[in-house]
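Student: Numbering follows UniProt numbering, with no gaps: position 156 of the sequence shown is 156.
Source of the hints: derived by calculation from the structure; they are not laboratory data. There may be inaccurate statements among the hints.
To be verified - Think about it this way: if two alpha-carbon atoms lie no more than 20 Å apart in a straight line, the pair counts; the simulated PhoX-like pairs of lysine-lysine are: (1) K467 x K519; (2) K401 x K380; (3) K461 x K442.
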Amino acid sequence: MKKYKNILATYKKMSIVYLISGILISWLSAVTIFYFQKIIDSSSLLVVDKKAVLFYGLTLIFVPIFSYLDEYPKNYLANNLYFHYKQESLKKVSLIRYDRYVNIGFGVLLQRIENGATAGKQVVFDFYFRIVRELIPDILCNVFFILLINKKLIMYLLIGYLVVFFTTKFLLKFLYGMKESILVNEEQINRVLSRGIMELVTFRINKRYEKELAELNILINETVVSRTRIALIHELFFTLFAVLVSLIKILVVCLFIFNQLEGSIGTLVALIIYIDKIYSPIAIFNVLYVQFKMNSVSFDRLIEFLELENEDNLINGYYEVDPIEFINLENISYSVDETLILDTIFLQFEKGKRYALIGESGAGKSTLVKLIVGLIKPTKGTIRFNQRNITELNFNSLYEKVTYISQDSPIFDGSLRENIIFDKKVSDDKVIEMLKTCRLEKYFNQLEHGLDEQLGEKGVKLSGGQKQRIAFARMAFSDSDLIILDEATSALDHLTEKAVMQNILPFFENKIVIFITHKMNFLESIDQIICLKNGLVIEEGSYDELVEKQGYLYELKQNSKKE
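Can you make the complete structure from the sequences, with help from the hints?
Tutor: As structure tokens, then:
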């Protein structure tokens, strides 16, 4: 229940208003029937009960008025509950341990959040709220007035309740299993859709869409069949329930006809209405309970994500990071599922120097960088920033001093200006000058809206090379002590890369710069080259030293010439 109490505490006042409003509406609805009975009985005696008419009229008017006023807290809470869980999901992404996050697919996670947010709202709002403010008050109010009429009827009503209860329990066994399979299928459907939408070029050229559509079709068919079965079982319940209520009504009428039930015509009419009023909440509850059990599957999958381990260094009060003078890696090893990725790494990175990590794919270059910035934790060894162990650092403080540019340079849906300076206060002239520095002058001059040009989601209007040059322009306006360039020039041709690097290198002064690259074009300007192979540092030194040594770097250089 803790996961529900937290959200209710956030909207405590509105929740109380909503509960009171529902209880009041239930009471007024029951009172309306009571006075309706009084009017029928008085009219049969040819005497109009003016008091009953007055109260009947007032309750009839007040019910729709309060029902309308009830719409504000109803919609306010429903929408807030839905978006609350989406907001919590984004907060979680900002704090979750990186190694936990990468185990969840992008499409799967999006579907889990959507299903979970919808289910969380329905569990709290459509189940618990409706029970407390509507169903229980409806039953209690109507039972109270039935007791005033005839206490013997309660026994028959209880028998009806038991029949409904056991029928529902039986049907739930089928529904629960179906719902879980539907959720898994929906997450897989979203995974296939996301993959197909995001990888258009690769999938189209490699003719993969036919296979993707076939896989999607299988998942959709399975989901449609399961949903149809659930709908049929729901309708079966309503059919059985309607028959049961009809039998109870027939029983009441028969008891009245054969004088086993005392009372007037008004009493009989009121009883028939009260029976509907009593059993309707039971029908609603059983439907809600079935939906609650199925929603719990979706909601629990979201809660499972929200309860994944956070990165403690982002949350707790660790040491703030001083300006970074050097970084030491001492006896670092890293394994995944007993597979050794990096082994016994000893390295030092110093302020004012440029480093390059060289090696074939899978050598451990990107893993080494993820270790340096704390995204993953070493299996063995220590990483120090200015003698301070990375485990003692506040990562938010650390990331203020780090700039990371990947080959998939992140461009968000915003203007060119926003993508370069974010919310910093920088003059347009300086931004335009930096675009020239990064060889984007020709591109900029073609823009209709200049720096206000919208780049589209993930920079859809840009080429790969333009994205990477915008990322370099962004980096130039950062105050970082550590700059990491992960294949950051992979989409640039040789001449553009050389020109951009010559222009941008002055911005690297007094910083620690780490290049991850397979290119040999600008290695002569690097202070220290670190060669990785099979998770080991097999050689390091300046460009001239390693070429003269004719070792691993020399071998890579010769191979690149052949290509």
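Student: In ascending order, which of the hints set out earlier in this document are inconsistent with the structure?
Tutor: When the structure is compared with the hints, only number 2 turns out to be violated.
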